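Protein chains in written order, with the working numbering: chain A, 1382 to 1683; chain B, 472 to 793.
Honestly, the hints are just simulated from the structure, not real lab data. Note that this is a predicted model, so its numbers are computed, not measured. Incorrect hints may have been included.
As the list claims (entries may be wrong) - Short, incomplete list of chain B residues facing chain A, as computed with Cβ under 8 Å: (1) S521; (2) P525; (3) D528; (4) E532; (5) N535; (6) E537; (7) V545; (8) N679; (9) C718; (10) S722; (11) G771; (12) Q772.
Stated by the list, open to error - Computed far set for chain B versus chain A, every beta-carbon distance over 12 Å: (13) D561; (14) T610; (15) E724; (16) K754.
By construction, the Cβ of each residue, glycine as well, lies at the ideal position given by its N, Cα and C atoms.
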Amino acid sequence: MSIATTTAREVTQSLATGRSKEHGPAALIFLGLLWFSMFFGVVVLLVLIIDTIIEGSSRFDGALLTEYGSRVSPETTGFRAGILGSAWLMVFTALFAVPLGIAAALYLEEFANRDRWWNRLIELNLQNLAAVPSIVYGLLAVAVMALLGFDNSGTVLGGAIALALLILPVIIITTREAVRAVPREIRDGSLALGATVWQTTWRQTLPSAIPGIATGTILGLSRAIGEAAPLVVVGLAGSVRFDPEGLLSSITALPMQIFSLTSQSQEDFQTAASAAIVVLLVMILGLNGLAIFIRNKFQRTW
Amino acid sequence: MTSTSFRRGIVPGVAVLAFALTACGGADAGAEEGSGSNGVSGQVAVDGSSTVFPMSDAAGELLNEENPDIQVSVSESGTGGGFEAFCAGDTDISNASRPIDEEEVAACEAEGIEYTELQVATDALTVVVHPDLAVDCLTVDQLVQLWAPDSKVANWSELDPSFPDQDIALFGPGTDSGTYDYMASEVIDPDAEEPATRQDYEASEDDNVLVQGVAGTEGATGYFGYTYYEENQEQLKALQIDGGEGCVEPSAETAQAGEYTPLARPLFVYVKNTAYNDNAAVKEYVDFYIENLSQIAEVGQFIPLSEDLYAETQSAAEGLAS
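Full structure from sequences and hints, please.
As structure tokens, this is what we get:
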């Protein structure tokens, strides 16, 4: 992104100030096309968001957040079960995915011998995994749950396994980037003072890479929180009216509840679903905002 | 510079807001842990048809008003997906918008799952058209002619010369849906080995998409459950169906009276016998469901059973206890 933006900025600036060597009509047409493409994407997104906000505007009330879903009174139906379910899912997804992801990334970056074919195979697979459709991770989670001997996979555990598998490649890749960005000199200095590779990694490399790791992890989580497809496959409920109590508690998630309500015939449910979409958007924007905050606050330059 | 500091200011603000909203949800947890329940608690796992979902969900909600300790989770993986989980022993109750089929019976037998079929409501499969179309009634033969697997009908006038010369646009549920199964196996060809409809139509699992499609396309027709027509009456026109005894409009009365054939279809729940007898929560849920069936059907926006059918369901439910 950064290269594209900077280049684009340079090009526009030079065109605007007239210092460019490329004044030809072809260049201008191309630039126009680029602007059009950008505006098209942004405008469609804005229309979609504004339309959703307008549709849901009559339901921005407390009941939306604190009440369970209701069929008896659709006008006060709420998303408490989904919001709590999503919160639980996020906590356990992070617990599963973060340690595993960071450990895998550290191994690949600091310890693995890149000349070995199996390490190269793992790397190749990691790159591919990041592009696998999310629904496949749902199937994988169902298989994992069956292997672990659980009949019902529509629980906190099943959902968290699916989402953890989903964001694992993202976490590994961003952690490796962050670890790679730590200058060679820091490692060399530490090793020269007599520290082992393990001590160097644990006390120097990893702490220096934490802002990058945190950013990647949060971005991964903000992707996971909006996913419905893998959760549908895992068999999360469309409707529950109790709070999660543990790992094996049946739950629903906010995107699942939205998905379920949008296909109902009553207008009230669709309005509520629109309002819930805005809640979900705020949650995702909040997580992304947190990621940007951490990056800006702790960013170091060497 | 100012833009950066502005961004730095607003970002944590948004983040805090998001978490505050999330936290709100948990604030009054346990508030409605009321007394007054009869001491039964436990879990009920329901899966299956998304058509029946509103009813089983409503039953759970109404039951929770009396007894908040029974935890009902209702999923909607479709009639087929529901039976798959049910016959594997994963769920207690399976919603179905068609009767269980032979393969599923065999799967249940293989796992030793015994079950009881309870009809809980009636649905009138409604054939709708764009409101401007000058067609009011179709015979069943015409409906079959239109939707048969090898059908090439592309214009209303091909069905009947008196119909307008207007291209047909078809909308219908996807092949995973029990509604599709019902149309294929009960209306089009009851004897077919692999029941199917024609495939060159706009398919969606979301009936609201079908409503929008038919309402927005001239000459369009489609079919779905009665409640989606009921909610969108001003945008759609429902066709009357002539099953041999004159044109009958889809309505609660005609469906209950058995006049709206063959498109009035039964909706079922299948209850695992052992779950009913061994799990007090399942027993409580099923008993409540059957006892308050007409109220639940109303909340779920379905057509309640006629008195005869209700009596049948009641006696079937009594047979559950062993």
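Verification of the supplied hints:
1. For B:S521, the shortest C-beta to C-beta distance to chain A is roughly 7 Å, which falls under 8 Å, so the interface hint holds.
2. Evaluation of the B:P525 hint against chain A yields a held restraint, the C-beta minimum of about 6 Å falling below 8 Å.
3. At its closest, the beta carbon of B:D528 sits 5 Å from a beta carbon of chain A; the interface hint therefore holds under the 8 Å criterion.
4. Hint status for B:E532: holds, given a least beta-carbon distance of 6 Å to chain A, under 8 Å.
5. The closest approach between the C-beta of B:N535 and any C-beta of chain A is roughly 5 Å, which is under the 8 Å cut-off, so the hint is satisfied.
6. A cut of 8 Å between beta carbons decides the hint on B:E537: the least distance to chain A is about 13 Å, and the hint is violated.
7. The beta carbon of B:V545 comes within 5 Å of a beta carbon in chain A, closer than 8 Å, and the hint placing it at the interface holds.
8. Proximity of B:N679 to chain A holds as hinted, the smallest CB-CB distance being about 6 Å (cut-off 8 Å).
9. Hint status for B:C718 relative to chain A: violated, with the closest Cβ pair at about 25 Å, above 8 Å.
10. The interface hint given for B:S722 is violated, since its Cβ lies 16 Å from the closest Cβ of chain A, which is over the 8 Å cut-off.
11. With 8 Å as the threshold, the beta carbon of B:G771 comes within range of chain A, its nearest partner Cβ sitting at about 7 Å, so the hint holds.
12. Annotation: B:Q772 was flagged as interfacial toward chain A, and the flag holds, the nearest CB pair being 7 Å apart, inside 8 Å.
13. Its closest Cβ contact with chain A, about 5 Å, brings B:D561 to no more than 12 Å, contrary to its assignment away from the interface.
14. At roughly 28 Å, the least C-beta separation between B:T610 and chain A is larger than 12 Å, which holds for a residue marked as non-interface.
15. At roughly 20 Å, the least C-beta separation between B:E724 and chain A is larger than 12 Å, which holds for a residue marked as non-interface.
16. No Cβ of chain A approaches the Cβ of B:K754 within 12 Å, the least distance being about 19 Å, so the stated non-interface status holds.
Checked against the numbered hints given earlier, the structure breaks hints 6, 9, 10, 13 and satisfies all the rest.
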